[in-house]
Structure formats: structure tokens, C-alpha cells
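Those protein sequences? They're chains A and B, same order as listed. Those letters in the first sequence? Residues 1 to 219, by our numbering. Those letters in the second sequence? Residues 1 to 264, by our numbering.
Careful, some of the hints might be misleading.
[As the list claims (entries may be wrong)] Calculated lysine to any residue pairs in the SDA-like style (CA-CA distance at most 20 angstroms, straight line):
#: 1; chain 1: A; residue 1: K146; chain 2: B; residue 2: Q116
#: 2; chain 1: A; residue 1: K146; chain 2: B; residue 2: Y153
#: 3; chain 1: A; residue 1: K146; chain 2: B; residue 2: H111
#: 4; chain 1: A; residue 1: K146; chain 2: B; residue 2: V123
#: 5; chain 1: A; residue 1: K146; chain 2: B; residue 2: S257
#: 6; chain 1: A; residue 1: K146; chain 2: B; residue 2: M86
#: 7; chain 1: A; residue 1: K146; chain 2: B; residue 2: S113
#: 8; chain 1: A; residue 1: K146; chain 2: B; residue 2: D155
Just so you know, these hints were derived from the structure itself, not from any lab.
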Amino acid sequence: MTYEWDFSFLLQYKGLIAIGALYTIGFTIVTAIAGFVVGGLIAVARLADARVVTLPLLAFIEIFRCTPVLVQLVWIYYALPIVIGVELKPATAAFIALTLYGASFFAEIIRGGIASIDTGQWDAGRALGMRRAALMRRVVLPQALKRMIPPLVNQVVLQLKNTSLLSVLAVPDLLYQGQLITSATYKPLEVYTMIAVIYFIILFPLTTLAHGLERRLAR
Amino acid sequence: MTTEAVRAMPETTMIAVEHVRKSFGPVPVLKDISLSVPKGGVLSLIGPSGSGKSTLLRCLNLLTIPCEGTIRIGSHAMRFGPDHRMPRDRDLAAFRSTVGMVFQNFNLFPHMSVVQNIMEGPVTVLGRGRDDARDLAVRLLDKVGLREKADAYPDRLSGGQKQRVAIARALAMQPEVMLFDEATSALDPELVGEVLSVVRQLASEGMTMVLVTHEIAFARDVADTCVFMRDGFVVEEGPARQIIEDPQQAATKAFLSHFHKAAV
Ligand SMILES: Nc1ncnc2c1ncn2[C@@H]1O[C@H](COP(=O)(O)OP(=O)(O)OP(=O)(O)O)[C@@H](O)[C@H]1O
Ligand SMILES: [Mg+2]
């Protein structure tokens with residue numbers, strides 16, 4: 001039996017598909033930025049000596065790293081409202097979950113990047129009389145950020161893939177739109193192939209970039 | 001912690017260390033160290049590995065915080081001990097900005113060019129204008145003989161050149177005191193001379209300095225006084241030539257006997 005491939009019907013759904021792509025990319029960008037900011041704050045706070053600060057943050061990081069995003073997503077959407085007494089829109093729950101999940105990984109990447117800077121650099125800055133914030137801004141972060149870029153890009157790639165889980169909360173991302181189109185046309189083969197191709201087209205340049213940066217920094 | 005002039009000290013004392021103790025956890029590393037260096041004096045600090053030379057030097061600019069005792073540089077003094085609170089970041093920074101330090105591993109900022117490395121302190125710490133700081137940096141590069149390297153990055157320099165840039169970077173803060181922690185130990189033998197000659201020149205210009213060094217001949221010729229440390233104690237101190245050529249203590253004799261007579 002040979003299957004008659006026919007992608008032409010998809011053209012009439014290009015509006016839906018475009019919305020899906022925008023949601024996927026938009027959620028990735030917004031949660032990556034928010035996650036990076038939250039992760040950065042966690043990383044800096046974890047450099048503190050006080051255990052009352054570092055232990056809860058470590059617990060936060062481990063909870064989000066050691067549970068599946070899907071579970072976090074449904075927990076925040078269905079369970080968190082019971083705790084805080086406020087209904088969350090699917091998009092809000094999705095934003096919170098992906099941001100915090102990303103933050104837990106970003107925090108470790110940033111902390112690792114900062115920790116990888118030779119203590120001699122800190123000594124040199126301190127010996128000049130630089131205060132902590134100036135030393136961070138002028139000496140440590142410029143060097144650390146360079147080392148962090150490849151793992152950060154990799155994390156953004158994962159973050160984009162994770163947005164496909166938003167479909168379980170009926171957020172109209174690429175995969176959710178695909179499901180809609182499939183139920184209207186009964187052509188899962190073409191629809192899901194196209195969805196996969198779109199993900200690939202978005203992500204392949206990103207992973208290539210990450211590899212390139214890794215190779216350049218390794219030299 | 002207090003910042004105040006210690007009035008009992010004579011005017012001409014630039015560095016004063018009184019009863020400094022330091023432990024890392026339970027391990028005592030400095031055990032009641034006292035010493036002083038007059039303005040313009042050069043002190044060499046010698047002793048076996050692990051005797052606490054680096055720790056003492058780092059206590060002088062508070063990169064390492066003593067557990068007890070007083071450190072005074074010029075008119076800045078800080079006291080440490082159970083009755084004194086840990087100094088604030090701001091006070092530590094102000095204290096350190098008056099002391100230049102040169103490290104064994106150079107610790108240049110790799111993401112900045114040579115001239116930017118030297119400008120960093122004046123611009124970020126002292127708030128000087130960039131043009132002003134650049135002029136100063138170029139003058140200092142002239143002094144250490146590296147003017148043509150102003151726009152090079154540290155990874156393009158030899159070890160000796162890196163160390164001369166590190167010296168210029170420290171001098172850009174116009175410190176009252178310079179500290180050198182084995183400034184030539186990471187260098188190939190043929191590059192040691194160019195760094196030592198810069199240090200020698202600073203000594204002749206009247207810079208107050210403390211040199212931790214394994215270059216025994218240098219410790220003797222450039223320094224006025226020499227301190228021999230072992231196990232966190234000052235074992236012997238005196239005029240550099242006398243300590244190195246005619247030590248009185250058995251421990252000093254034993255240590256110096258490791259260095260070939262030819263080198264001395
Ligand atoms: N940050 C630290 N934490 C714990 N122990 C330390 C620390 N710094 C130094 N020590 C210990 O203190 C002792 C003295 O070290 P220090 O570096 O001052 O010796 P040194 O005389 O400079 O030796 P070297 O000639 O090898 O440089 C050593 O036993 C060392 O292991
Ligand atoms: Mg040492």
C-alpha cells in the first residue's frame with residue numbers, strides 16, 4: 001500500500017500555523033528572558049555565605065530540575081490555585097512553569113560560569129580596591145558570560161522544545177494547532193510532519209550556533 | 001574594626017604589623033607576627049614553602065583577613081580580633097586601594113588590552129577620566145618598557161611582559177606600598193631579569209615594598225631588611241645582607257644552605 005502524500009491542504013491553515021509558531025517562539029523568548037533574570041538573581045544570591053539564603057534556593061533548584069516540566073505545568077495550573085486561592089489562566093500557568101523551570105537551569109549555568117573564573121581574577125580586582133559589584137560587573141561577568149553562552153543557547157533550545165507541552169493546557173502553540181488541524185482533516189501524517197519540520201527549521205540554526213560557539217571558545 | 005592613625009608609631013613607619021594571627025579553620029598559619037617597614041624601606045620575606053609568607057603578604061592588603069592583630073599602611077589602620085566587627089566591603093576596598101600587589105600568576109584581566117588593564121583601577125576605583133587615565137597608563141608603560149604593547153591583549157605577551165604590565169597596573173593606583181608575591185617564580189629564567197630590574201628601579205625611587213621571593217641574591221641586594229619565617233613565626237630578622245650571608249639561627253642556616261653558594 002502506498003500513501004498519497006498531499007501537503008497542499010495545509011495552505012488553507014497557514015493562519016493557524018503562523019499563530020502556533022508565534023506562540024511557540026514568543027513563549028520561548030519571554031520565558032527565556034524571565035528565566036534568565038530569575039536564574040541570575042538566584043545565582044548571585046547563592047554566592048552569599050548565609051545558609052538561610054542558599055539552602056532554600058538550592059531546594060528550589062533541585063525541585064525544578066528533578067521533576068518533569070509536564071508535572072510542573074499541570075501542578076501549577078490545577079494545584080497552585082487551591083493553595084493561593086487565585087485561578088490562573090493557562091497562559092499564565094504556562095509562563096510561571098516554564099520561567100521557573102528555565103530559571104533553575106539558568107541559575108546553575110550562571111553560577112557555574114561565575115565559579116569557573118579563576119580566584120586570581122578576584123584577588124587582582126580586590127587588590128586594586130574594587131568593590132564587590134564593580135568587580136562582578138567589570139571583571140568576572142564579562143569573562144563568565146562568554147563561557148556561559150554555549151550552555152545558555154542549549155538551554156534555550158530545550159526551552160523551545162518544552163513549549164510543546166503547553167498544548168496540554170490548550171495554549172495554542174505549534175503542537176496544539178497541529179492537533180486542531182488534525183482533528184479537522186484526519187491527516188496526522190502531513191500535519192505532524194510539517195510541525196516537526198517547522199521545529200527543526202527554528203532549532204537547527206540555534207544548535208549550529210551553539211556548536212560553533214563551543215568550538216570557538218575551546219580554542 | 002577601626003580606621004585611625006596609630007599615634008604611637010613614628011611618622012616614618014609606612015607598614016606596621018602588630019601581633020597578627022591567622023588560622024584557616026583550626027590550623028594556625030600566622031602565630032603572632034609583628035614587623036614594621038619604614039617609608040621607602042624594602043623588606044624581603046623568605047622562608048620554606050608553607051611557612052605563611054603569602055598569607056602574611058595577603059594580610060597586609062587584607063585580601064586575607066587576620067583573626068587578630070593590627071595592620072597599618074600609612075595612615076590607615078585596621079584592628080582585628082574578637083571585639084572587632086568584620087570590616088565592610090567599602091572599608092576594605094578603600095584600604096586596599098592604597099596598596100599595590102603583584103602576584104606570582106600575574107592575574108591580568110584577559111578580556112582587556114594592556115592599556116585597559118592599567119586604566120581599570122584609576123577609572124573604576126578612583127573615578128578618573130578615561131583620557132587622564134590613558135595618559136597615566138602610557139607613562140607607566142614607558143616606565144616598564146612596554147609602550148608598544150599598549151593595545152595588545154595579555155595572551156600575546158611573554159611572562160616577563162605580563163608581569164611588567166601587572167606592576168604598571170598596580171602603580172596606576174599610586175599606592176603607598178607595593179607587595180610582590182614571588183613575582184618571578186612563574187617565569188622562564190631568561191625573563192626574570194627584566195622584572196627584577198623594574199623592581200630594583202622602584203626601590204631606587206623610594207617605593208616602600210615587601211618582596212616575597214626565592215631569588216636569594218635579589219632578597220639580599222635590593223632589600224634593606226630581611227625576615228625569615230618558618231611555621232608561622234618570624235625566626236630571624238635584620239639587615240638583609242647579614243641575614244642572608246651570616247644567619248644566626250639554625251633554621252635560617254638550614255634553609256639558606258639549600259641555595260647554592262654560587263647563586264648567592
Ligand atoms: N585559603 C586557605 N585555606 C586553608 N589553608 C590555607 C589557605 N591559604 C594558605 N593555607 C595554608 O597556610 C599555610 C601557609 O601558606 P602560605 O601560602 O602562606 O605559605 P607560603 O610561605 O607562601 O608558601 P609557598 O612558598 O609555597 O608559597 C599552608 O599550610 C597552606 O596550606
Ligand atoms: Mg606563597
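Here's how the hints hold up against the structure:
1. Restraint check: the Cα-Cα separation between K146(A) and Q116(B) comes to about 19 angstroms, which is no more than 20 angstroms; the hinted pair holds.
2. Restraint check for K146(A) and Y153(B): the C-alpha separation of about 16 angstroms stays at or below 20 angstroms, so the hint holds.
3. As the CA atoms of K146(A) and H111(B) are separated by approximately 10 angstroms, the hinted pair is consistent with the 20 angstroms bound.
4. Restraint check for K146(A) and V123(B): not satisfied, since their Cα atoms lie roughly 23 angstroms apart, outside the 20 angstroms limit.
5. Using a Cα cut-off of 20 angstroms, the hinted pair K146(A) and S257(B) is violated, with the two alpha carbons roughly 49 angstroms apart.
6. A hinted pair counts as satisfied when its Cα atoms are at most 20 angstroms apart, and K146(A) with M86(B) does not qualify at roughly 34 angstroms.
7. Restraint check for K146(A) and S113(B): the C-alpha separation of about 17 angstroms stays at or below 20 angstroms, so the hint holds.
8. A C-alpha spacing of about 16 angstroms is found between K146(A) and D155(B), which places the hinted pair at or below 20 angstroms, so the restraint holds.
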